[in-house]
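Peer 1: Assemble the whole structure, with the sequences as input and the hints as a guide.
Residue numbers (this note's numbering), protein chains in the order written: chain A, 1 to 161; chain B, 162 to 373.
Source of the hints: derived by calculation from the structure; they are not laboratory data.
All of these numbers come straight from a predicted model, not from anything done at the bench.
Only some residues are given here: those of chain A computed to face chain B with a beta carbon under 7 Å: (1) VAL24; (2) ALA51; (3) VAL54; (4) GLY129; (5) ALA155; (6) LEU156.
Ideal Cβ positions, reconstructed from N, Cα and C, are used throughout, including at glycine.
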Amino acid sequence: MSKFKKKKSGDMPAVNTASLPDIVFMLLFFFMVATVMRQNTLMIDNNLPFADQVEKLDKKDLVMYIYAGKPSSNYKSTYGTEARIQLNDKFAEVNEIPAFIAAERASKREELIPFLTTALKVDSDANMGLITDIKQELRKVNALKINYTTKKGNALQGLKK
Amino acid sequence: MAKRSAPEVNAGSMADIAFLLLIFFLVTTTIETDSGLNRKLPPIDDTEQEDVIIKEKNIFQLNVNRNNDLFLKTGGEEKVIQIKDLRNAAVTFLDNGGGTGPDACKRCQGKKNPRSSDNFDKAIISLQNDRATKYETYIAVQNEIIAAYNELRNREFQKSFPNLELNFVEAEKRYSDPRTPSAEKAKLKDKLEEIKILIPQKFSEAEPKKSN
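Peer 2: Laid out in structure tokens, this is it:
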């Protein structure tokens, strides 16, 4: 009897975890490389629409970001629920856009200014009125290259009809 | 005197430290989207402009109302259209080639309907929004119109340069890729320009209407 028991309780070899740090480090390096630290803290809901005819925005340093959307839940009590513009880290009015563009242009080298693109990161639920006002302001300061930032996907999937 | 072996460093907690860092980066990572639809705004021109007369058959007039419904007015008829049908309608319109004489379109493959557009160069797509139109709808419409242009440009690019084994969109992507050698870029540039001149994106946006 005891013979059998002994065989059953024969100790299992421990799993060798010596390579575990290597695996974890590999993952760690991947995420370190892939991470882009956010420059702006978003104070608005920013659920981008989908489109499939997208082009990539290269040269991140030549892009100016304008965010728009409904204030996120923390700010609803102060700023209401109507879609608003966010420039850098604060809410802004439409007429502050020219100053923002001028500041962005001043921070870039002069020869790069014609290549500056304005990326509009606008929530899908925003109204076109706001976008039109933004575009009008951009036209006034001659910032004509724009990019409607979208997620990659079928453009029709979000629509109700 | 005697050779003493250095004591081994205990690496047992290395995994823990690495895990800690890994979790930090996992939490802080946001994969930023950096792609979208590139467009160019028209410059503000204060000088008096002469009114250009455009034949009605050359205009593909889209109107999106506040309920995100799409109205299409072209070739003398007006109708409500679904967004999913828009791409085909736009391709049919652009590719019609109904022109005769100097306006004839050699490369159009459409039905040559005399009530629709003359040629690629004459065809104009115009879009008007309401201020209460949803941004999502607007992007979908833009996307479909760009898709229609891209479809035709792809076809003509492949017809003009069959030995490249690229279509227009792929060629443009290669052109804007910084890793592409500059000799190839110079070659691509001319070809892309040729197609862009053949099928120009004549897309105009009217100022939106106020809805009260």
